[in-house]
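*Asks:* Please take these sequences and the hints and turn them into a complete structure.
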Amino acid sequence: FQHHLVRRAKERICAAALAFHKTPSHNVSVNFRDTDQVFQDASLAYQQFGFLRMWSIYPTHVAAITRAMTPQTAVLELATQVLLLGQKSEWGPTSYEDRLHDRASYRYYWSILKRTKALGGIIPDAAQRAFF
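Read in order, the letters of the sequence shown correspond to residues 1 to 132 in this note's numbering.
The hints are simulated quantities; they were obtained by calculation from the structure and are not laboratory data.
Mixed in with the good hints there might be a few duds.
To be verified - SDA-like, lysine to any residue: derived pairs with alpha carbons at most 20 Å apart:
#1 22 / 63
#2 114 / 77
#3 10 / 21
#4 117 / 58
#5 22 / 107
#6 88 / 99
#7 114 / 10
#8 117 / 43
#9 114 / 21
#10 10 / 33
#11 22 / 99
#12 117 / 46
#13 114 / 9
#14 88 / 103
#15 88 / 72
#16 114 / 102
#17 114 / 126
#18 22 / 9
#19 88 / 78
#20 114 / 98
#21 22 / 104
#22 22 / 76
#23 114 / 43
#24 117 / 76
#25 117 / 10
#26 22 / 110
#27 88 / 50
#28 22 / 102
#29 10 / 63
#30 114 / 53
#31 88 / 76
#32 117 / 63
#33 117 / 68
#34 114 / 25
#35 117 / 57
#36 117 / 70
*Replies:* And the structure:
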């Protein structure tokens, strides 16, 4: 992850996959016994490069990868608040914390909630009641 050419290649791979509506998947973690390292690798792949999946070749990797690629609580709370405001405004433009949100924002935040649910993460209660 550290060499600038490797970072650039990962960024381009992820951007190209997303541009063609494909899910970018990161390669396996080579340190198969150290699940903390697998978690760190998956976190970097997800947070810094935008990879949405990661291959695993060892059963204990699955939980670490899933945990690393599940959106953080703060992001889920933001998604919930923005979507609730959007619903209240009948999906017209809204403002939350001095930021404009519209249908593109709603699609983005909805994808975060759906992704979290698919990964078995905890959806905020307000979002659970309103949308699921």
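*Asks:* Return the numbers of the hints above that this structure violates; sort them in rising order.
*Replies:* 1, 4, 7, 10, 11, 13, 15, 20, 22, 25, 27, 28, 29 and 35
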